[in-house]
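Novice: What follows is the residue order along each chain.
2 protein chains.
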Amino acid sequence: MNYINGGVCAAKGFRAAGIHCGLRKNKTKKDVALIVSDCDCSTAAVYTTNLVKGAPIDVTKRNIANGVARAVICNSGNANTCNANGIEVAEAMCALVEKHVGIPACDVVVASTGVIGQPLDISPMAAHMDELVAALGCTAEHSTNANEAIMTTDVVHKEVAVEFEIAGKRCAMGGIAKGSGMIHPNMATMLVFITTDAAISPELLQKAIRADVADTFNMVSVDGDTSTNDTLAVLANGMAENPTITEEGKDYDDFCAALRAVTSGLCRAIAADGEGATKLLIASVSGAADSDNARRIAKSIITSSLTKAAMFGADANWGRVLCAIGYSGAQVDVHKVDVDFVSAAGEVAVCRGGAGVEFSEEKAKEILVEKEITIRVALGDGDGIATAYGCDLTYDYVKINGDYRT
Amino acid sequence: MNYINGGVCAAKGFRAAGIHCGLRKNKTKKDVALIVSDCDCSTAAVYTTNLVKGAPIDVTKRNIANGVARAVICNSGNANTCNANGIEVAEAMCALVEKHVGIPACDVVVASTGVIGQPLDISPMAAHMDELVAALGCTAEHSTNANEAIMTTDVVHKEVAVEFEIAGKRCAMGGIAKGSGMIHPNMATMLVFITTDAAISPELLQKAIRADVADTFNMVSVDGDTSTNDTLAVLANGMAENPTITEEGKDYDDFCAALRAVTSGLCRAIAADGEGATKLLIASVSGAADSDNARRIAKSIITSSLTKAAMFGADANWGRVLCAIGYSGAQVDVHKVDVDFVSAAGEVAVCRGGAGVEFSEEKAKEILVEKEITIRVALGDGDGIATAYGCDLTYDYVKINGDYRT
Numbered sequence: 001m002n003y004i005n006g007g008v009c010a011a012k013g014f015r016a017a018g019i020h021c022g023l024r025k026n027k028t029k030k031d032v033a034l035i036v037s038d039c040d041c042s043t044a045a046v047y048t049t050n051l052v053k054g055a056p057i058d059v060t061k062r063n064i065a066n067g068v069a070r071a072v073i074c075n076s077g078n079a080n081t082c083n084a085n086g087i088e089v090a091e092a093m094c095a096l097v098e099k100h101v102g103i104p105a106c107d108v109v110v111a112s113t114g115v116i117g118q119p120l121d122i123s124p125m126a127a128h129m130d131e132l133v134a135a136l137g138c139t140a141e142h143s144t145n146a147n148e149a150i151m152t153t154d155v156v157h158k159e160v161a162v163e164f165e166i167a168g169k170r171c172a173m174g175g176i177a178k179g180s181g182m183i184h185p186n187m188a189t190m191l192v193f194i195t196t197d198a199a200i201s202p203e204l205l206q207k208a209i210r211a212d213v214a215d216t217f218n219m220v221s222v223d224g225d226t227s228t229n230d231t232l233a234v235l236a237n238g239m240a241e242n243p244t245i246t247e248e249g250k251d252y253d254d255f256c257a258a259l260r261a262v263t264s265g266l267c268r269a270i271a272a273d274g275e276g277a278t279k280l281l282i283a284s285v286s287g288a289a290d291s292d293n294a295r296r297i298a299k300s301i302i303t304s305s306l307t308k309a310a311m312f313g314a315d316a317n318w319g320r321v322l323c324a325i326g327y328s329g330a331q332v333d334v335h336k337v338d339v340d341f342v343s344a345a346g347e348v349a350v351c352r353g354g355a356g357v358e359f360s361e362e363k364a365k366e367i368l369v370e371k372e373i374t375i376r377v378a379l380g381d382g383d384g385i386a387t388a389y390g391c392d393l394t395y396d397y398v399k400i401n402g403d404y405r406t
Numbered sequence: 001m002n003y004i005n006g007g008v009c010a011a012k013g014f015r016a017a018g019i020h021c022g023l024r025k026n027k028t029k030k031d032v033a034l035i036v037s038d039c040d041c042s043t044a045a046v047y048t049t050n051l052v053k054g055a056p057i058d059v060t061k062r063n064i065a066n067g068v069a070r071a072v073i074c075n076s077g078n079a080n081t082c083n084a085n086g087i088e089v090a091e092a093m094c095a096l097v098e099k100h101v102g103i104p105a106c107d108v109v110v111a112s113t114g115v116i117g118q119p120l121d122i123s124p125m126a127a128h129m130d131e132l133v134a135a136l137g138c139t140a141e142h143s144t145n146a147n148e149a150i151m152t153t154d155v156v157h158k159e160v161a162v163e164f165e166i167a168g169k170r171c172a173m174g175g176i177a178k179g180s181g182m183i184h185p186n187m188a189t190m191l192v193f194i195t196t197d198a199a200i201s202p203e204l205l206q207k208a209i210r211a212d213v214a215d216t217f218n219m220v221s222v223d224g225d226t227s228t229n230d231t232l233a234v235l236a237n238g239m240a241e242n243p244t245i246t247e248e249g250k251d252y253d254d255f256c257a258a259l260r261a262v263t264s265g266l267c268r269a270i271a272a273d274g275e276g277a278t279k280l281l282i283a284s285v286s287g288a289a290d291s292d293n294a295r296r297i298a299k300s301i302i303t304s305s306l307t308k309a310a311m312f313g314a315d316a317n318w319g320r321v322l323c324a325i326g327y328s329g330a331q332v333d334v335h336k337v338d339v340d341f342v343s344a345a346g347e348v349a350v351c352r353g354g355a356g357v358e359f360s361e362e363k364a365k366e367i368l369v370e371k372e373i374t375i376r377v378a379l380g381d382g383d384g385i386a387t388a389y390g391c392d393l394t395y396d397y398v399k400i401n402g403d404y405r406t
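Same order as they appear, the protein sequences are chains A and B.
Residue numbers for the first sequence follow this note's numbering, beginning at 1 and rising by one.
Residue numbers for the second sequence follow this note's numbering, beginning at 1 and rising by one.
Incorrect hints may appear among the rest.
Just so you know, same-sequence chains aren't split out, so a pair can sit in one copy or run between any two.
As the list claims (entries may be wrong) - With a straight-line cut-off of 20 Å between C-alpha atoms, the simulated SDA-like cross-links for lysine to any residue are:
| id | residue 1 | residue 2 |
| --- | --- | --- |
| 1 | K61 | V334 |
| 2 | K29 | D121 |
| 3 | K399 | T278 |
| 4 | K363 | S343 |
| 5 | K365 | I400 |
| 6 | K99 | P124 |
| 7 | K25 | E361 |
Just so you know, the hints here were simulated from the structure itself, not pulled from any lab data.
Please read these numbers as outputs of a predicted model, since none were measured by experiment.
Pulled out of the complex, with its shape left as it was, chain A reads as follows (with noise of 0.2 Å):
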């Protein structure tokens, strides 16, 4: 498996495109983005677990029921969500994607992005349609132009892609995604769209997305605000005519391991890109109980303020650390607790067996100062291992959110 470019575009068959059609006011903003695929693709999605549900989950669950999907549809601006016609108007975007593409209103994936709360005007995206569909392309640049139209508060592109091989057949997958604020999701994360040749049915595929997030999204928190339209869907499209996964086995299983590529990606850009953050966190805990001890622990570690902001600081504060694991809900032997903080400027022990042990605050300044930095937390409890992404709380943060909307 190799890391390649291409994003969206990577696999066989996919085009992409993202233009600004005017539901923004900045005019340099893209902000609506389209993704179609040559032939049906086996499509799967996740969603948030929110109860208040973004009015284009309801349309794309019932468009994907039957396994199929051809494109994607996706604005940012406005989340189309919790105003009067919501349903209509996500329908409406689908229907605007069969008229001018060909493509049916039901196999359109629909998603929206931006403030909660407000009508969508449909107008402009209807007006600009023609030049959307004129802007399509298979390159790096068309996955990137898509995906700059779903950013809202993100500063960084967010696009992975990797090729393998199934079954002798060289395959590819890639990803764009979009997710700075209102991070911390719950069965799937702020809009990530995943497109792939390989041929997979619409089980195994829901299967090992599914299987996948619990590791990936649903690990990574940048502020503890599980969003109303969080969205992750895979489009295979089977072009790399490999012979179509229907059951476990190892073609599946490189599959999976194909996607894990592609979503670990995503995850660490997601977490490195939070809302007004100057550095990646990770927490990376082993030796627990079992597996769901472990990620409660990584993500109440990565979710906490304290430790947040503590990290900001380049403050080895550890005892934020051993507090988070506490109220972590996991079951743990605090006594057996190591924690260390890791970077590229080296590494630092501060806690051994629950209690803190000397070290160079000299030392750990240098390691903090460093734009990634990994929490390794050891318990001596069991087997249980996972990897959690955040990113620090800074001024910035604050800045962003507290004149997000006026």
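Place chain B on chain A using the hints.
Specialist: The following block gives chain B in isolation, referenced to the frame of chain A:
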């Protein structure tokens, strides 16, 4: 029932003191507090549910297992938690009270607050015990001195007292609290000491505070981090000479009403003084399916980083309130949710039946720039009500916690 002055010295037979002994470098900051009763007290306490617990909690639990205590000693500057000899040091603090006041060490409630994971040097306390005992007194000023000595990043005193009658006898009850960061109590909050001269059995006292905290301290959140050292202890010395409360009934209800007046006042004070806070947020939920659902929803709103940041910016971004209701884990019909923002400047309806309504942004801004904001949520699902107390998320929270330790 009337509010009165005096804090922990409001009730008969209690004296208090707070001095600087040298645990903190800043000589103007008091760092050790002592509260003593003239006679034995029925004593009950609730503690953090964090698995990582401060050593003083273990010692206090053992000391009040028989339901009796006569003194409280508490230091700030060091939490005496996650270090090698915490139990030993907490016991030594109790022994200092025995040596200098004559109250048996096994009748002392001991608590510590401050940095986690560093050894607590007891010698400054030992060297200043005579001074601490000499400073004891029964005026409001003495209570305030004790309050100051337990404060860390707190910027205001937190004292509440009431006088009330039980069976025709005038009783008093008062408390002091500290708590500003790492505030998301679960069973109690960071250091609250309440004294009363009402006579009540230890069993009924424990019952009363367990019932009370579910609606008071457990409904406060500053940053979602549950401390390792949360302790709420109530000492009742019986000097009001009411017939001792040993069963439920009118006297018990009168006692609980006084307790609620003290605890809810302290909760508001803790939330308003959250680290870096510029305003008190109150989530007032009615019409939930039951109390438990109401509590979940109220606490979810008050805990949402995005809602907190929006309130800091006086931005009526009610979609974030809906979002927090949706991921709260409570049973709720999201199509029946009404939301209003309320303050001294008036009120504004922003959401009806789960969808946005038109409102004046200007009026909303006027309401949200006030120092105390109520987010009023009506659900139409049943009779459950709850109130939660929190604060806004500000630049100063990040600043305080980016370099708390160094």
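Novice: Going back to the hint list, which numbers does this structure go against?
Specialist: none
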